[in-house]
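Undergrad: Sequence:
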Amino acid sequence: MNDQNDTPISAHAAPGDVTLEYDIVVADKVVLPAGTLIHVRKPMGGALRNANLGGLVRMDYNQVALVAPRVTQPILHPHMIDAMDPADVTQIAGVLVDFLLPTATKEALSQNM
13 MNDQNDTPIS AHAAPGDVTL EYDIVVADKV VLPAGTLIHV RKPMGGALRN ANLGGLVRMD
73 YNQVALVAPR VTQPILHPHM IDAMDPADVT QIAGVLVDFL LPTATKEALS QNM
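Sequential numbering of the sequence shown, starting at 13, is according to this note's numbering.
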């Protein structure tokens, strides 16, 4: 049986996908190597249960750590998120925020840049 964390490294990223820049090391073991593609799917209502949406939009670590295990493949369990480099956590948070923002808001933000 395949372990869900034995996902092969892939060069084909789709919108919502994140490529880890750093290894995730737990108990001196690399559980996900740098270069692993993490698919983040759009969270629907159930995945957002007990989450503070304002905190998630502000990329609050606790909110990202609550929602990420529900919407990532391979699953980023809380102990893995705790071991992630901040740059990789920020990438995951950015994808989640992008999913939550209305299209009009994203368009307004892109015009102001």
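Everything labelled a hint here was simulated from the structure, so no lab data went into it.
Please note that a few of the clues may not be correct.
[To be verified] Label pairs and their computed distance ranges (CB to CB): (1) 89 <-> 125: 28 to 36 Å; (2) 71 <-> 123: 32 to 40 Å; (3) 123 <-> 28: 20 to 28 Å.
Here a beta-carbon is modelled for each residue, glycine too, at the ideal position from N, C-alpha and C.
Undergrad: Does each hint hold? Answer for all of them.
TA: Each hint tested on the structure:
1. 89 <-> 125: 28 to 36 Å: 35 Å, holds
2. 71 <-> 123: 32 to 40 Å: With Cβ atoms ~22 Å apart, the hint is violated.
3. 123 <-> 28: 20 to 28 Å: Between residue 123 and residue 28, where Cβ atoms are some 23 Å apart, the hint holds.
Comparing the model with each earlier hint shows a violation of hint 2 alone; every other hint is respected.
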